[in-house]
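Two chains, two separate frames, one set of hints: put the complex together.
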Amino acid sequence: MTWRSFQTGFVGMVILSFFCTGCWDATEINELGIVVASGADLVKPSDPHSNIKAYVQVALPSQLAGGATGGPSPSGSQKTFVLEEGEGPTAASALTSIQQRMSRRFFLRDRRVIIVGEAYAKRGLSDLLDEMIRNPDARLRSYILVAHGVTPNKLLKLAYPLTRLPADAIVELEQSHQAITINVVQFVKVLTGKSDPYAMGIRMLNTSSGKQGRIFELNDVAVFKKDKMVGWLRGEASRGFFWLQPQSMQLRRNSMAVPVPGGGWVTSQLVILNHVILPSWGKAGPRFSVNVEISDDILENMSRLKLDQSHDVKIAEHAIEQSILNQIVALLTTLKQTYHADIVGFGDLLFARYPKQWRTIESHWDQVYSRMPIQINVKVHIVRSGLIGDSVLNKSTSQGR
Amino acid sequence: MGKGASEQTDAKDASSSKGDARPHTSEGFLHSEKYREHPIFKDIDINEKLLRKQFEKCSDVVFRPFALLGARKALIVYVDGLVDSKELEANILKPLTTAQGATAYGRDATLSTVEKYILPIANIEPIQTLSRTVTIILRWQVMLFVDGEEKALALSVSKWPQRSVTEPETEAVIRGPREGFTENVRTSTALIRRRIHTPELKTESMQIGRLTQTQVVLCYIQGLIDDKVVEEVKTRLKRIEIDSVLESGYIEELIEDTPWSPFPQIQNTEKPDVVTALLLEGRFALLIDGTPFALVAPINLWGALASPEDYYERYLISTMIRWLRYTFGLIALFLPALYVAITTFHQEFLPFSLLLSVAAARENTPYPAVVEALIMEFTFEAIREAGVRMPKAIGSAISIVGALVIGQAAVQAGIVSAPMVIIVAITGIASFTIPRFNFAIALRMLRFPIIILAGLFGIFGILFATICIVLHICSLRSFGMPYTSPITPLSIPNLKDTLFRAPWWAMRQRPYQSSKANLTRQSTAASPTHRIPGFKKQKEGSE
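So the sequences go chain by chain: A and B.
The numbers in this note's numbering rise by one with no breaks, and the one at position 39 of the first sequence is 39.
The numbers in this note's numbering rise by one with no breaks, and the one at position 68 of the second sequence is 469.
Don't read these hints as lab results, they were simulated from the structure.
Beta carbons are placed, not taken as given, at the ideal position from N, Cα and C, and that holds for glycine.
A few chain B positions that, by computed beta-carbon distances, are all more than 10 Å from chain A:
1. 635
2. 716
3. 934
Going by beta-carbon spacing under 10 Å, a handful of chain B positions derived as facing chain A:
4. 764
5. 857
6. 865
Same shape as in the complex, but just chain B (with noise of 0.2 Å):
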């Protein structure tokens, strides 16, 4: 794999070097180079006129021209429907339009008086070139030119229909916050801003995508991350030449250290509460504009295991939910496989009614039990993928026929048998114990080989299979930090979040993995020896 990743970079180098192999530009004559550092003409007609020319075609683009304190000809332009026009009514073009700005001021106040004095605007800019205008017109902003200036001001008042905050359905908890990120960034910096009060949270802005021109923001605490890891990030996006970005998945593919592993480094989700509990381990996200999903690393295989409910119930439930889904992680990976090695070679491992059933379950069925496993398997992905799909109405009647279909008739008919929908069903159940989807999909997707594998072999071939997966699981990165960690390399106090959920007094330190710089968490006030009177048994916290 590490073979893979310098592949990577050199093909990078390779396009970088290679001017041709650019993506085209269609960013409009006016960033041509003529026009692309020429500042505002001062007659507004000529302004007009060449944006009319850019916006040509473009029905949504509106020009409303009017005369400023009834005086000086102006204009301005704006993409219809992502703007607030009740606000522009009534905050834009009322003050501009009526008298008594001009009595004020006088008719003929200059564009700078206006910015100052006149409009009620929060979030006024003033433009010096052309081309930029265009750019902030199509950034959702009203563009107000005056006759005679030289610069023109760009006003947000931009609005378009959102979606409200809802809970994220595909995150659903028992217990927790049930905000969810929306498809604004805005909104989602927002939602962990008002969770985390320190000016030490940066919200580092940048547009990837040449077209889609999508807002990226990087998202970290300043003082709890590594330095490195941030400058690491940084570079991995500026190296980003694609002319859009729809969702997070594209960054996430884009900036992944092993992009050939079938394991997810980055993780996504929708909740603020998530991803502000990481920021707070020393981890950065990436929020990206036009989706709720964003990204969080560096991440390890256990954070993958685990549900932001882990932290919300007791310890002692958390922990024995903990344990309940490292067990079902693995009957997921090998369940079936171990069925097929032990019906095909070890038979003397099962108990001997066990064998019976078995044996007589599996005496009218057509295929040998590899071939059996491997279709039952892919019908039970497709059933998933098809119900996945479908509309909750239609949903119900996939499951009907799933379970008719797999369930009973096949095994009637003769053509599986009863212990293999059996394996199948728990399987199936095990991969959706799972809390993320994307590392579930993984080890679905290597149920497959180990199963051919233990066909072909028995259990040497899944020993096999276990091991190639422990060497490329022990060999992934995510940004620099190993995948396995804190079992891999060990570290003895972090493991008090992997194998087992330990209190939240007993957590005084944060992941030694992501953050190095600050360590302490919390002090030992509120620990039992000091919280409980007549607990006095451990000696007084050094701290």
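Bound conformation, chain A alone (with noise of 0.2 Å):
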């Protein structure tokens, strides 16, 4: 074939593939059903083997853009977002099922949330996760939480006061630094490693004033067992999990309140965690020391103590220690006696290190695990206390003699 005719076949050709296009990828943007959050639960809560029901909230454009005809509209009078349930045996077919039944496409890449309920986290999460890997549409950033006492529809029906759409409000939360957070991704990698995944939790509350509706709270976190949920862990353990989490880094509002001796209290606040787990392997097996370096500010001292001084400051900083050390003990107690749950990721550091000798406990590694001591050092500074030094209270006393 000559150049000539092969340039012309070419122009041809491109030419007609333009009237052989039917746009079958293009979807406009208006066809779209943009979903914000989506929920899983069983549909008979006692029943392990009951069909899964499958929520998911979709934004309402038109309501929360305000755009030229309506101009912003008052919040909480139209709703900003429907709410569409399914059924089917599996998460994905529940899916399905809404969107036979939706005029709109779905449009998962902006699911930020997905809430699932106690009863199916308790049997298991691995479909819901498979459906998730598996779809190239959805996105794998979307946080996942565990509904606490509630069902996930009614937490995802609720009008949160301060925000538009309520999963805006939940991934504000999980954005403070006040939780703990995992994605769908963290989650997976968690669970195909050696060690087990945790979610937050997420409640509902009734605001203060009451008649503003309710609102979330994020707290206690989810305890897996691979992918089926085991248990929570509530107050002093859970605020010992922070201590370990490599994202507590970013906990920087996380103020606690210590009793010291001597009476009254000090509130410090955290400004610098290093963490550091060691795994060592003796003759009696695997070994960890579990080292904490906290740097922390002062920011109240009810206390007779004057953080001016150094010999008071060692004072405050040993309370602090010894509280962040039982909060870690608790933890560690709960994991190990209770849920024999590992998510910490003591089986992924040691596997990291010990690759030979791992394969050797590999198969009774729960037992290894509930039995394994493990040291923990708490160093806390505080290094900021203020240049008042000393309680206010104690100041205006001194200067009134």
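Take a look at the structure:
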């Protein structure tokens, strides 16, 4: 074929191809149902073999954006989203059953929150995760949350007073550094490793003034054993988990009030958190040392300590250390004794450091884990105690003298 | 495109080989075989008769017989209105008719005496043939015939109403010379000659156009320009056989390298300072009588995005503005297409809140995004075009109608979405940041196929279009010089004047693209090394 006829043929083919297209991939943006959050739960929570119910929160852009026609809608009077639900034997089929009823195509790329019911989490999340990983449309950075004490649809139905979409509120809470976030990618990564995943719990509360509706709260950590949830970490134990999380480097705003010897309280705020978890392999098998080093600010001093004096600073540091130590001990005790779940990631660390020895204990890692000695060292430095030194109360009395 | 160029030359050869295809000449009977070389008759009455016949029904041609120095019959012929009648009276008729000359030189002074001693006119030319006198008369000169002489005198006292040198409206600058060329090519050459004081500035003149005989002046600086380029442009100009040249656009289309390209390969400008600067870079200019627009070549893509002000403002400002132009050039080309592609294929590109806003705005619109974009872009072009042609008073009315109809009413009626209006507005502004009108038009034209491709194939379509455009630009030549020079082929020293504008003391060489012969523009004497005490970090310049 000569160059010229090749050229003509090529140009002809390109032009002809324009007429063959039907823009089959094209979807106008206003034909999308933008999914902002979704939920999944068992139809009958008591029966582990029951069907799965899926919930989808679809945003209503016309109500959200205001636009040229209406102006911003008064918040609360109009719904900014639609909640649809569907049933099926698996998470994917339940989602499909909703799609069949919807006039708009699901747009899953902005689904930022997935709330699973407690019963469903206890049965296992593997089918949901599998669907998420396989579906090219789904976004893997969605946060996973476990509904605590309520069903997901109640949470998804709730109109949050401060943001336009309730999903926005959940995302903001997740990103507020008050919570330990986990998204689908991280969840799957942990699941395919040697450790166990976790998820934050979400609860519904009444606002303090009552009438303004209900709000969410993220607290307590759902502990998973592989893909099945086994229980909750509450109170001390859940706070102990903060100190051992790599993400908690960002937990800047966390303040804790600690009683100090001699009466009164000192409230400290985290500045820098360094933690190192070191595995070692002795004759008796693996052992760990957990070293936590913390730099703290003093927010409030309601005690007799004079924090401009190094002796009193030591006392305060020691009190904080003790308090943190108690939390970590509570965490590890619960995990090792009650749940036998390794959400801190000891298994991964051990495998990374001692891959050969790991094989010898892999089959009975659960037993090894619950008997394994873990040494905890906590070191607290108070870096900024404020120039006042001792409490304002003390100052005023001393001046009065 | 290379294929196209070869076809063009083929066509030319074919037409010149066929004698019949030549355009009919309308030069009158004195240019026919019989009279063409015939000398001027000694009998002035025959001359007058023939000329009167030639200029039959030409009311503006004046025949003025008189007696030369009171004795011999004489005749002046000229076109009324193209001759300075005051000068004609004072410097031609008066010395030739009064008795003073007669007493000094005798009553029967010859024409050469008249030429040498009597006429106080700078530009006098003796003419031998009658056919030539016709041409001369039509070239705005006065012909003087004397009875018994076999030659006549052409006296140049031409003058006609002319526009004065004013600021060009198409290329307004904040800082820089405000002079512009005029329709008179002599004024134009004068404006350039006034700036460059070297005999190496050559101004070769030629007439193009069989009927208009338009004067075309080829300007270049010998020693700076590549001689091959001069040869090439002369060859291309000589090849032109056309009846008229009324504007530089005629010449541009007849000599450009790739006639099928949307991109201009020859720059046009009204500003003598621009032409001077480009001449000094070793390019050539064509000044064409009857239009203030001069042509300059060879040029490159970056020149199309440069403004003369870039060289007058301080270099940091110029560099920033240049990048602004590059950015907005791309926006002008791609923004509507990107919007179409993203809203119809790649919604995940949009951040969540933007997605909601766009989705809400598009909720009630009847057309798909592609159609909407095409409608809006066409409408914008129409408003722009309408505004350009209208007088200023009506122009503002058009902008009000345009803004109200498109911006407000169309959105409120739900026919187009508000984001589309924003996109079109930004695109419109962006295309106006490009200083060269014809280059901006090229980008505007290319926008439409890209929008269609984006509507069919999404980002893939845009990418396909981009590749096509880049391939095309890379294959373009301006008088044999690569259009994308100095990026491809890469010449690092010349990047000083493309991606950013280096300070003048750093631009020590002329662009390599056009002037290979004489590269050095300045010495290092004014560079900071020598100028600022204590600034000795760099080694002393080698020159």
